[in-house]
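Take the given structure of chain A and dock chain B to it, following the hints.
Residue numbers (numbering that gives the first Met the number 0), protein chains in the order written: chain A, 0 to 327; chain B, 0 to 327.
Possibly wrong hints are sitting among the right ones.
No distinction is drawn between identical chains; accordingly, a pair holds when it is met within one copy or between any pair of copies.
[To be verified] Mimicking BS3-like on lysine-lysine, the simulated pairs with C-alpha atoms at most 25 Å apart in a straight line are:
#1 K107 x K238
#2 K162 x K50
#3 K107 x K162
#4 K107 x K264
#5 K31 x K107
#6 K284 x K308
Bear in mind the hints are in silico, worked out from the structure with no lab data behind them.
Number of protein chains: 2
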Amino acid sequence: MTSAEPISFAQAFELINPHLYTVEERIRAQAKAFDPAVEGYVSYVCGAGGKRLRPALALLSAGATGKITAGHVDLAVILELIHIATLVHDDIMDGAELRRDQPSANAKWGNAITVLLGDCLFAHALRLSTNFSNSDICRRIADAAAEVCSGEIVQTQRRFDLKLSTADYYRIIEMKTAALFSAACELGAFISEASPPVIGALKTFGTKLGVAYQIYDDILDLAGSEEETGKTLGTDLRKGKFTLPVLLMLQSGKDVGTIRDLLLKEDKVDGELLVAMLGSAGALKAAKGVAFRLIEEALAQLDEIQDNKYARGLRAIASHLGSLLERF
Amino acid sequence: MTSAEPISFAQAFELINPHLYTVEERIRAQAKAFDPAVEGYVSYVCGAGGKRLRPALALLSAGATGKITAGHVDLAVILELIHIATLVHDDIMDGAELRRDQPSANAKWGNAITVLLGDCLFAHALRLSTNFSNSDICRRIADAAAEVCSGEIVQTQRRFDLKLSTADYYRIIEMKTAALFSAACELGAFISEASPPVIGALKTFGTKLGVAYQIYDDILDLAGSEEETGKTLGTDLRKGKFTLPVLLMLQSGKDVGTIRDLLLKEDKVDGELLVAMLGSAGALKAAKGVAFRLIEEALAQLDEIQDNKYARGLRAIASHLGSLLERF
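Extracted from the complex, chain A is given alone in its bound form:
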C-alpha cells in the first residue's frame, strides 16, 4: 500500500549485492565440504553460475521484514544448493547436453556419477540446514525439497499424457518450482521473526511468483530464442512435457486432432508449426494472461507487509517477470 517510487530489477539486486556476493562465495566454497574425490564434481556444478533467484528472494524477504542476518545467508545458500541438485538430476531426465552454455554434468561424466552427484548436493544442503538451531526451519526446508522431487516425479510420470489437465499442470509446477520460491520468501520472514500474517503473505507471494515464473519459463521453451536463453529450446515438447499453452490449446477444442498428432511425435515434433498454431489460436496469449494474473495476485500480497526498499525489491522482481512476459 505504498506510493513510494518503484525500483528496477537491477536496483533490487543491487540492494542485496554484498549479501549475494557472500552467498556466491559460500556456494563455491561448499565443494570443500566433500571428500577430495568428489570435490571437483561439486565445484563444477556449483561454479556454473545462475540467476540466483531463490537467494535473492530469501534476502529481499529478509530485508523486507528486518535485518539481513547470517541465518538468511545460510538459507539462501541451502535453497540454491537444493536447486542446483535438482538441475543436475533434471539434465539427466532430459538428456540435456548443455547447461548455461557449458556441458552438463551428465554430458561430462555420464549418468551414474551425475545421479550420485545430485544426491551428494542434496544431502549436503540438508546437512547444512541442520545448523539452524530451530528445527522448524530445517523441517520446512526438507519439506520443500521433498515437494520439488514429488513434483518432478509427477511431471515425468505424466509425460506424453494428453489427459493432463491444467489443474494437474498447476499442481506439478507448484511443487517442482514454486515450493523453493515459497520457502525462500516464507523462511526469509520466519528467520526475521516476522508476524504470522506477514510470513503467510510472503509465502503466498513466493508461491504465486514461482508458478508465474514457471509458466514464463515454459512459454520461453516454446517461443523463446536460443541465443537469448543459452539452452536448447523445444525440449519440453520433445520430452512430452505438455505445458500451459499446449494444455490451453487442447482445452479450447481447436484443431485438437492435429495438435494431438503433433505432440505424440516425440523427437520429431514440428515445434515451429506447433508454436505457430499456439500463436494463432491465442494459446500463448492465454498462458501469458494466467501468468500476469498470478503476478498481480503476488503483488497484492505485498500490500500486507510494511513498505521498505527491500519490499520494493520484491515488487521489482515480480514486475520484471511481467515485463519479460510482455515480449511474447
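Here is chain B on its own, set in the frame of chain A:
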C-alpha cells in the same frame, strides 16, 4: 567382559521383535506422506522387505544403553529409508533387473522415475529426521547420508581402475556402507543419553561391523550362489568394482597380468575362472581374514559397555556375520 550365555542371531532379533514390527509398519506407512501420484512407487520399494539390519542395530544399541523409546523407532525408520533410497539409485547404476527376487524400480519404471523416486525417499527421510528436537541427531543423520553418497561416487569413479588400493577400498566401503551402521549404533546410544565413551564404543562397533559386512557382501558376490542370495552374482566384476579379494590378489603380485586382462573385459569377465584363481591364490581366504579381524575388533568395543541381553544381541549379530564368512 561377560561370562553370560551368548545368544543366537535369531534370539537377538526376537528381543526387539515388537519394535521391529512397528518399524516395518512405519516404513510401509511412509508412502502415505507423499503426493498420491508418488505413493504407489514409494509403496513398492518400501514394501519389498529386507533384512532390516540397520533398524536392528539401532534398536539393540538402544536397549544396550537404556530403554527402547519412540525416538529409537524413528531413528530405525529413518536410517532404513535412507538405505532404501540408496538401493534404488544403486540399481540404476548397476542396471540391476532384480532386487530381492522382484523387478527393481528401474526395471519397472525406467531410470527417470527411479532417480526421482530415490530423491523423494531421501528428502522424506531427512524430513522425518527434523522431528527430533535435538538438531545434533538430525545433523548426524544428514552427515551419514552425505557420506553414503560420497562413497558411492568414489566407487563409481574408480570403476575399472586397476590402481585402486586396498586403502581406497576400505575408505569407500566405510563411507558407503559403514556410515549407516555406525550412525545406527551411535545414535541408538545417543538417544538413550549414554555416556560419551559408550556412544563412542558403539559408534566404532558399528563402523567395524559395517566394513566387515561389506567385505562379506563383496565375497558373496564373487563366490556365493544365486539361489541363496536372490540376486545376480558377479555384478561387481562386470561393473568394474574391484573388491577386497581381487585387490589382495593384485597386491600379491601373483598372475597379475592374467588377472588384469580378465578384469578389464567388462561384461565378458570370466567370473568362474577368476574366482578359481582367487581361491587358489588364497585371496578369498585373506579377505575373510580381514573381515574376521574387524569382527573381533568390533566385539572388543562391546567390552566397553555394560552387559545386558541387548548388548548380547549386538554380539550375536557380529558373531553371525563371522559364521556366514566361515562357509567360504
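Okay, the hints, checked on the actual structure:
1. K107 x K238: both (21 Å within a copy, 19 Å between copies)
2. K162 x K50: neither (34 Å within a copy, 41 Å between copies)
3. K107 x K162: This pair counts as between: shortest inter-copy Cα distance 22 Å, intra-copy 36 Å.
4. K107 x K264: between (29 Å within a copy, 24 Å between copies)
5. K31 x K107: within (21 Å within a copy, 37 Å between copies)
6. K284 x K308: Neither, since 32 Å and 71 Å both go past 25 Å.
Hint compliance for this structure: hints 2, 6 are broken, all remaining hints hold.
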